[in-house]
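A.B. asks: Respectively, the protein sequence lines represent chains A and B.
All residue numbers for the first sequence refer to my numbering, where the first residue is 1 and numbers rise by one.
All residue numbers for the second sequence refer to my numbering, where the first residue is 1 and numbers rise by one.
Simulated from the structure, these hints should not be mistaken for laboratory data.
Treat the hints with caution; some may be incorrect.
[Said to hold, decoys possible] Calculated cross-link-like contacts (lysine-lysine; reagent style DSS-like; alpha-carbon spacing at most 30 Å): (1) A:541 - A:583; (2) B:293 - A:606; (3) B:178 - B:55; (4) A:592 - B:55; (5) B:55 - B:293; (6) A:575 - A:528; (7) A:633 - B:208; (8) B:179 - B:55; (9) A:246 - A:9.
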Amino acid sequence: MMKMPPPHKTLLPILFALVVAILPHIVRLPLWIIFWCAGMWGYQVGTLKSGWPGPGIVLRRILTGIGIAGLLLTYTTRLGPDAYLGLLAIMAALKPFEMLSHRDRMITVFLAYFIVITSLFQSETLAITLYMFVSVGITTAVLVRINDPEGRFSNNLKLSGVIMAQAMPLMAVLFLLFPRIQGSLFGLSLMGGAKSGFSDSMSPGSVSMLVENDAVAFRAEFDGWIPPPELRYWRGIVFENFDGRKWSMERQTPETTGLLSGSQAAAYTINLEPHQGRWLFALEMPSQIPRSAILFTDNTLRSRRPVFKTLRYSLSSNTRYDAGTEDPDHLLRLTRLPEALNPQAIELAKEITQTAGGVDEKIDRILQFFEAGGFVYTLQPPRLGRHPVDDFLFKSKKGYCEHYASAFAVMMRAVGIPARIVGGYLGGERNPYGNFLVVRQNDAHVWVEVWHPDRGWLRVDPTAVVAPERITGGMEEALGQTGLMRKYFGGISNLMDQIRFGWEAISAGFSAWFQGYSYEQQRALLEKIGITADNWTSSLKALAILLLILVVATAGAIAFIVLKPNSRKPDAIRKHYTLFSEKLDRAGLTRKPGMGPLDYAAYASKNRPDLTRRIMEITDLYIGLRYQGHPSKTALADFIKKIREFKPVIK
Amino acid sequence: MNDDFESIVRQISSVLLGKEVQVRLALTCLFARGHLLIEDLPGIGKTTLAKVLAKCLGMEFQRIQFTSDMLPGDILGVSIFDQNAAAFHFHPGPVFTQVLLADEINRATPKTQSALLEAMEEQQVTIEGETRALAKPFFVVATQNPLEHSGTFPLPESQLDRFLMRIQLGYPDRAAEKKILQGVGAQSILEDMNTCQMHDSVLNIQAKISQVHASDTFIDYLQDIIAFTRTSPHFYVGLSPRAGLALQQAARSWAHLHGRDYMVPEDLQVVLPWVTGHRLRSRAEGMEIPRNKLMELFAQVPVPL
């Protein structure tokens, strides 16, 4: 029967572990669950410190019911990972009320572990991963503590660290060999909603949501030449259908050999953060594509499976590219506009280009209209009405890439030039600590492609005309924010940039080496050690074999250490007593192996009366350390010191 | 040093001249709750040693001279019908004492021997279905004549094991014998001898001895010794676990009587030949191993540092 430790020895550490575990989830949890947790845990501290009465079994049941009801009301049918996290949080808040037995405490600590694990549903960034290590360390220390409530917490932490260090080799083996499942785990969409990326359609406001998000979209490592900012157009998705308000995708057919030829190639590898969709980003225009990608007729790439995990792929692109061919029927469709919508815009386009000769001139005239028309680049445009393009061009004149691209494409189509909208990212921050660009969600951008009868598809970016800084300096510059930042926080800002770039570089490495370790990399590794893993079940077999070897080897090592007969570790006492007898040996006083310490001391003193006092001191200390029950704390240090100082003169 | 013990040793040695080591060993054996077997020729002072021990420690003393026609009842006691009371009345035998001298134990038949040996082991006797406890402390000093073999029943090894120690007294040295001849250690002194001054009762000392600390290093050494008797080609059979416990108990007693509440290897080394002498036989001759040879062999076992 285990003795019950006093609650103050375990309750506070357990609450601490729970708070640490739940902290990174605060943004994902609804506000009421955060208050719920804070309230329950605060009250539990109160029961401990001020003796508040704890709730009885009936009240606990009612609270559980309220919690689950609240959860159902909050998440209704969206029982995704967020709902499970909410359930864990509600239960973790209530469980400490009934920590009556050892088992209850263990369960509560395991709840903390589960909460830590749910971080993996959210994101696998370097920061979160490091935090999870800290969190697991603290939770393990608390687990140690509830089994050893009298010890000091620093010792619990130390043991937890040792346990985690011992788990490292197993972790490495599992990381390298545990089958990488192709597709998502349990078929779950791990994200609650679309956190990032684009959707199948573009309606006003969809890009501005991305712009407020500075999460990393992907990182591109270049082999050599990095294209200048004005060429960093990352193509992702093409919208060809326009219903007057919303641009949407056409069903395209995959293309087998349609890669465009060109020049000024850049070779690079992309670490794409998961976005749940299938589109892959590439610099315009891709010239070599990875095996895992499919090329479509509109020169966009798609993954064979939705990107649920960080995806790493290598490709190259030609930043100058030749015209392709296009089906005339298809081109005709790209000049269509919905009838009776945006009539003013159509009228205006025709008016401006009336006197223009060729396609080039028509494009130029309309661009000039945007340049001189008094348009303002802003992320907070006013709402638009039933004719959004008309409203934008003639009333608000405020907007961002989406509005300009949309209006420009409509005007192009109005004058009979095939036009479509391309979505993706523009720019990317170059990291001085590595040859790579970081592209963030707020680099999201749309632009226009028009068909030139001689030169094929041309990229036209009307936003560049209105806000050229957007192209060269990114979003912040375009909005005039960085200028202010630099003015007021110049020095600090520079230092912050350095730290940020350094962190980015480490994150990029983490992303490339750990998150990007996928089924393909694992297969390559297994092939190197001679295992052909055609699918993930054969790598499971390889894992089983290696784990078996590991277990047998560990068991063997333990058996060797434990079962080795008469294995006496040379400890400090033994070492120094040996040193002592060696010193006497040099003075001609040899210890026979069967001689006990008292006999040896008597023998040595008899022959060297001058040493008697010191020999006796050392022997007393030795006997105290070896044979007496409780040697004093200083005895060992004293013993070692006396032996070091013991220098018998050889007669 | 344990002052009480030293004064007892001095006092006994003033009667039993020149036998200080044997006196110390006999006391060690007594305080370790063991029994003592003395193997020696007649007239060496075996009886004197037993008597003086009992007298000095203030214990009751009884003596049985073993003969071949002796029956268990002669040791344990018998129930005799009392005509006046019209009932059986138990007459306790000489075993109901504190110090019992069993002289020439090998003269009695095995049946009689085992009656005593069982009493030694169990600290109680069962006579006619009734269990009677023996005195506490209960200490048996048995003697054997090693030379006379005709008409004797030598104790088998299993019975020898009941004795914690076996000692020899040997002839006194010349100086001691001179004193004996001068009448210094005479019987007369024994008669006049007073109980020794002691601060603690025998039972208390016995209890304290059980508390003497055995460190890991000490137990390592003891185990090395036991393992040596089991693996060395010199011995016919190794020491039993009971012998190991006996060794530890004897060493505890020796350590306590010499003023320590923990044991050092020397404590074990001192009692070693006396505790193991009657328990080990040489493999080559099947005979007992002389004490010098035994000590030489054990000196090969290194003391753990």
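A.B. asks: Each of the hints needs a verdict: does it hold here or not?
C.D. replies: Against the structure, the hints come out as follows:
For the suggested pair residue 541 of chain A and residue 583 of chain A, the alpha carbons sit about 60 Å apart, so the restraint of at most 30 Å is broken. With a C-alpha separation of about 26 Å, the suggested pairing of residue 293 of chain B with residue 606 of chain A holds against the 30 Å cut-off. Annotation: proposed proximity of residue 178 of chain B to residue 55 of chain B holds, straight-line Cα distance about 25 Å (limit 30 Å). A distance of roughly 42 Å separates the Cα atoms of residue 592 of chain A and residue 55 of chain B; the hinted pair therefore is violated under the 30 Å criterion.
For a cut-off of 30 Å, the pair hint linking residue 55 of chain B to residue 293 of chain B is broken: about 35 Å separates their Cα positions. Between residue 575 of chain A and residue 528 of chain A the alpha-carbon distance is near 48 Å, which puts this suggested pair outside the 30 Å criterion. Between residue 633 of chain A and residue 208 of chain B, the direct Cα distance comes to roughly 26 Å. Compliance with the 30 Å bound is thereby established for this hinted pair. Between residue 179 of chain B and residue 55 of chain B, the direct Cα distance comes to roughly 22 Å. Compliance with the 30 Å bound is thereby established for this hinted pair.
Between residue 246 of chain A and residue 9 of chain A the alpha-carbon distance is near 62 Å, which puts this suggested pair outside the 30 Å criterion.
Violation of the numbered hints given earlier is confined to hints 1, 4, 5, 6 and 9; the remaining hints are satisfied by the structure.
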